[in-house]
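Peer 1: Okay, here's what each chain looks like letter by letter:
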Amino acid sequence: MSEKVILNTLDHPEPGTLANYERVGGYQALKKILAENMSSEAIIAEVKTSGLRGRGGAGFPTGLKWSFLPRHFAGDKYIVCNSDEGEPGTYKDRDILRYNPHSVIEGMIIAGYTLGAQRGYNYIHGEIWDRYEHFEHALDEARAAGYLGQQILGSSFSFELHAHHGFGAYICGEETALLESLEGKKGQPRFKPPFPASFGLYGRPTVINNTETFANIPYIVRNGGQKFLELGKPNNGGTKIFSVTGQVNKPGNFEIPLGTPFPALLEMAGGMRDGRTMKACIPGGSSVPVLPADIMMTCTMDYDSLAKAGSMLGAGSVIILDDTVCMVRALERLSYFYFEESCGQCTPCREGSGWLYRVVHRILQGQGRHEDLELLIDVSKNISGRTICALGDAAATPVLSFIKHYRHEFEHHIEHKRPIDGCH
Amino acid sequence: MTLCAESLAKIDREIAKYPADQKQSAVMSALRIAQQEKGWLASDTIQFVADYLGMPRIAAYEVATFYNMYDTQQRGKHKLVICTNLPCRVTWQQDVGEYLKKKLEINYGETTEDGKFTLIEGECMGACGDAPVMIVNNHRMCSFMTPEKIDQLLAELE
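First to last, the protein sequences are chains E and R.
Per my numbering, the first sequence starts with residue 5, numbered consecutively.
Per my numbering, the second sequence starts with residue 38, numbered consecutively.
These aren't lab readings, by the way, just hints derived from the structure by calculation.
Keep in mind that a hint or two might mislead.
Calculated lysine to any residue pairs in the SDA-like style (CA-CA distance at most 25 Å, straight line) [what the hints assert, rightly or not]:
| # | chain 1 | residue 1 | chain 2 | residue 2 |
| --- | --- | --- | --- | --- |
| 1 | R | Lys75 | R | Ala42 |
| 2 | R | Lys114 | R | Gly146 |
| 3 | E | Lys196 | E | Glu344 |
| 4 | R | Lys186 | E | Asp278 |
| 5 | R | Lys114 | R | Thr39 |
| 6 | E | Lys254 | R | Glu135 |
| 7 | R | Lys47 | E | Glu184 |
| 8 | R | Lys60 | E | Tyr206 |
| 9 | R | Lys139 | R | Gly113 |
| 10 | E | Lys52 | E | Thr264 |
| 11 | E | Lys190 | R | Gln110 |
| 12 | R | Lys47 | E | His166 |
| 13 | R | Lys60 | E | Gly120 |
| 14 | E | Lys190 | R | Ala53 |
| 15 | R | Lys47 | E | Tyr206 |
| 16 | E | Lys189 | R | Lys75 |
| 17 | R | Lys54 | E | Ser202 |
| 18 | E | Lys408 | E | Asp327 |
| 19 | R | Lys54 | E | Gly153 |
| 20 | E | Lys190 | R | Leu40 |
| 21 | R | Lys54 | E | Glu184 |
| 22 | R | Lys47 | E | Arg147 |
| 23 | R | Lys47 | R | Phe85 |
| 24 | E | Lys190 | R | Ile52 |
| 25 | R | Lys153 | E | Trp133 |
| 26 | R | Lys140 | R | Glu193 |
| 27 | R | Lys60 | E | Glu164 |
| 28 | E | Lys231 | E | Ser44 |
| 29 | E | Lys408 | E | Arg373 |
Among the chain E residues that face chain R by a calculated CB cut under 7 Å, a handful are [what the hints assert, rightly or not]:
| # | residue |
| --- | --- |
| 30 | Pro92 |
| 31 | Arg98 |
| 32 | His129 |
| 33 | His166 |
| 34 | Gly172 |
| 35 | Glu187 |
| 36 | Pro255 |
| 37 | Gly256 |
Stretch by stretch, here's where chain E covers chain R in the computed footprint (C-beta under 8 Å, at least three residues) [claimed, not checked]:
| # | region |
| --- | --- |
| 38 | 63-71 |
| 39 | 97-111 |
| 40 | 114-124 |
For each residue, glycine too, the CB sits at the ideal point set by N, CA and C.
Isolated chain R (complex conformation) (with noise of 0.2 Å):
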């Protein structure tokens, strides 16, 4: 188990950011840069980065189970987390929770049969004002969703 050159490259990056005796730093960095490249964090991943970091493999696992946006299971080829607490619940005009959860057939916190969707109700993600909210894939934020931008959003994703 390795990760490829370019994500090393990457993590290099993060490491320098931080005093040479506290690689530590950049283990939220590493991790989320290993689960971009791998699609999710299997123990070996959290091992290899844990190893290049020189700390302890609990440490990086401890980081990689506290923080919600890893995924430590393996999930679909598309993670749609969508905010539903109460200041974006209440901002929306229509409810595209329902509406995704029927369009794909699957309810919270399942995958779509084809492994190509995977459907997550999320917490507050601080864009309240843009509801509904909704991230793909940890790093696109999608604004001001409606039935007809998730269909196009669907689509679109391959």
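Isolated chain E, as found in the complex (with noise of 0.2 Å):
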């Protein structure tokens, strides 16, 4: 069994507790830094060493992100975290928030340290009320132990940390966006730049970082950004929350070492259900390209195996589709989320992804025409990289993968109008 850093609080019965996390080392880093007066800049060094990648989904290295904060900024400063998940096929951030919410407080404490700023915010999504309240619960654990609040651990260093509800927006996700909603807005992402480096929550310098990435900062600072970085492997440092779904007997999340091979993740998940053969895999949540189950099954689990395959990793969201799954079908209803969830503020993607949506939809209701294939090609390509952020190229690209790799059952389901032989 490889080491956890992040659900190593599992075998207690109440594993979210501040004692359970105080028990396997939690708030130890945090006392250290204050103990050494650790310098931002040594702080920063050890993040950049342990090669930890934003688990979002964009991957961008951490230190960098943190690095990028103007230091000698007079005025406030913001820490927030990204725990605004609802892209179909992730759920390691409600596992995180309920097993062990106080690595993701630590982690913004020492990130607020480091970064000269007071106060945080945890932006939790609308749909999981009792994590919210939970990790509210623990907020107060760790207001009452002196870790939160001012003068922490008596020392002159002071934050504050609250936690913000959200109430139904993929959107939401994307930084930005997420920061108007902080503001009471309609989460609608802003221009790049200014980056929130400069500009960002309430118009000051914030940084902003996903759930699991926070709950990874801990560990590091306690252990060291190489011992982090040889969990996994060169330019992937340490493990990282795999959430399975689709057609396997066991879906779950898995922390497992970035570069573990794949078939090794599809055994933890219970192999395929009723023995049947995997068809394709979306490895990193549904705006990734799709891959057939031959170039998964060569493919480890890292940032660069599934770019070199020609997908992302994405959140790490693993959706596995077996061979009775019929290709149109699955596109149309991802394709429907992403017209349902376009904030509307970019006409291409605004427009674009309801035109992806009828398209589709009219292949799978037998209306196809035998130019639909080009034209969703087309209007595909004239969505992605012409929005503000990167919703478009979300919404662009399942059609263009699951076009290149599976054109044959949408080129069947045109012709015949129904889908190929034993897929429904």
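Using the hints, put the two standalone chains together into the complex.
Peer 2: See the structure below:
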């Protein structure tokens, strides 16, 4: 069994409590930096050494992101955590908030210390009310123990942290849409630059990271960046939580070292359901390109291997489809999602996502035209790269990758007005 | 139009989380709390929340209509939202969506004749591993639903 950085609290009846977190070394990192009066530069250097990359989907190096914040800015700065998980296939942050909320809290406090911020918010998406309440309870525990609030553990460092509850909008997972939402507005992404590091929450310098990213920070500070790096592989440091869904026997979250072969992960998820054959896998959440089973079986689960195979690690949300799945029907459902969740700000995404859905829908309904596949590709390419945020690309990517790898299924549907044999 | 003292106390607690000059940040919570008390968000409820937070009414209305868990139309006493997105749908071993429709004798987006249940086809709830997943009245997530568990749930909801 490999070492766990985050899901290391599970061998206890009440995994998410402060007492249990302290039992596995919780808040030792915070005590260490306060006792040693560790410098910001030293902490950022450890995070850079660790090879930690953003766990929310983009995979941007965390240490580098932290180094962008202006050091000598005199006013308020903010630390924001993105727990607005809601891309089809993702459910890891929900488990982190349940089983180890204090790792997120400690990670955010350390970020506050490092970057000179005194206030933070954790934006938790609307559908998981019980996790939000649980996180608020964890904050109360941390305050009562002196880890949060004024003059933490008797030092001169103060940090306050609150939970913010979303209410149903996938787009708020985009970091600047999330900041707008935190300010009490519609969640519509901002033009970048300026980036949040210089113009973030309330126009102040802000660092915004994913839940899992923050949850890794205490381990890195406690054990050193090098040890974290060595848990994974070069440029892909540490462990990662993979959320496996679809036609497998045991869907679930699995924290494994980056670089683990995909077949090993499939085995952890109990293998294919009903002994069926795997057809395809979407390895990082619904916005990353789908891969056929034969390519997927040769991949290791890390940023570089999946990029080389033509897809992305994304948030580590592994959707596994067996040979009964009609790929036209699968794409139609995903296309509807992006149409529904487009915030409406940019014309190519607002109009294009609906157009994509309508064309895939008519193919599924047996009303497809021979020119429809070229039309879908053309519309997709005219959305990609022409919008303020990545949701436009996220709507286009499934369409392009499904047609690339499963063109025959679409053609069959257009020709015969039904799925290929054995699929539904 | 006003809200009860308990709701106002909850809203005040949310306001206290943000800098003194950023009360608008509490609008999402305030609308949620108001909806919980009133059952849905009528225009005068939204206006009250806006005035309470000292923000333009139109800005509060924009928030209420942007996020899909707010109800700006009256709905059944209990709102049942079931996720049918791809990871959930392929993880399902039984078609619980069809089961619900038959049992309630309504389609997605409709309310039962007695006004008790509204059934909605929802988007990803970030809980795909627990499929089939339903959310009842925005606050209660029900995991691994089966026809038996649905029967139990419907009987329990008065």
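Peer 1: Give a verdict on every hint.
Peer 2: Do the hints match the structure? See the list:
no.	hint	verdict
1	R:Lys75 with R:Ala42	holds (13 Å)
2	R:Lys114 with R:Gly146	holds (14 Å)
3	E:Lys196 with E:Glu344	holds (24 Å)
4	R:Lys186 with E:Asp278	holds (23 Å)
5	R:Lys114 with R:Thr39	holds (21 Å)
6	E:Lys254 with R:Glu135	holds (24 Å)
7	R:Lys47 with E:Glu184	holds (22 Å)
8	R:Lys60 with E:Tyr206	holds (12 Å)
9	R:Lys139 with R:Gly113	holds (17 Å)
10	E:Lys52 with E:Thr264	holds (22 Å)
11	E:Lys190 with R:Gln110	holds (19 Å)
12	R:Lys47 with E:His166	holds (15 Å)
13	R:Lys60 with E:Gly120	holds (24 Å)
14	E:Lys190 with R:Ala53	holds (21 Å)
15	R:Lys47 with E:Tyr206	holds (23 Å)
16	E:Lys189 with R:Lys75	holds (22 Å)
17	R:Lys54 with E:Ser202	holds (23 Å)
18	E:Lys408 with E:Asp327	holds (17 Å)
19	R:Lys54 with E:Gly153	holds (13 Å)
20	E:Lys190 with R:Leu40	holds (24 Å)
21	R:Lys54 with E:Glu184	holds (16 Å)
22	R:Lys47 with E:Arg147	holds (20 Å)
23	R:Lys47 with R:Phe85	holds (15 Å)
24	E:Lys190 with R:Ile52	holds (18 Å)
25	R:Lys153 with E:Trp133	holds (23 Å)
26	R:Lys140 with R:Glu193	holds (15 Å)
27	R:Lys60 with E:Glu164	holds (17 Å)
28	E:Lys231 with E:Ser44	holds (20 Å)
29	E:Lys408 with E:Arg373	holds (18 Å)
30	Pro92	holds (5 Å)
31	Arg98	holds (6 Å)
32	His129	holds (6 Å)
33	His166	holds (4 Å)
34	Gly172	holds (4 Å)
35	Glu187	holds (6 Å)
36	Pro255	holds (5 Å)
37	Gly256	holds (5 Å)
38	63-71	holds (count 6)
39	97-111	holds (count 7)
40	114-124	holds (count 4)
Hint violations for this structure: none, all hints satisfied.
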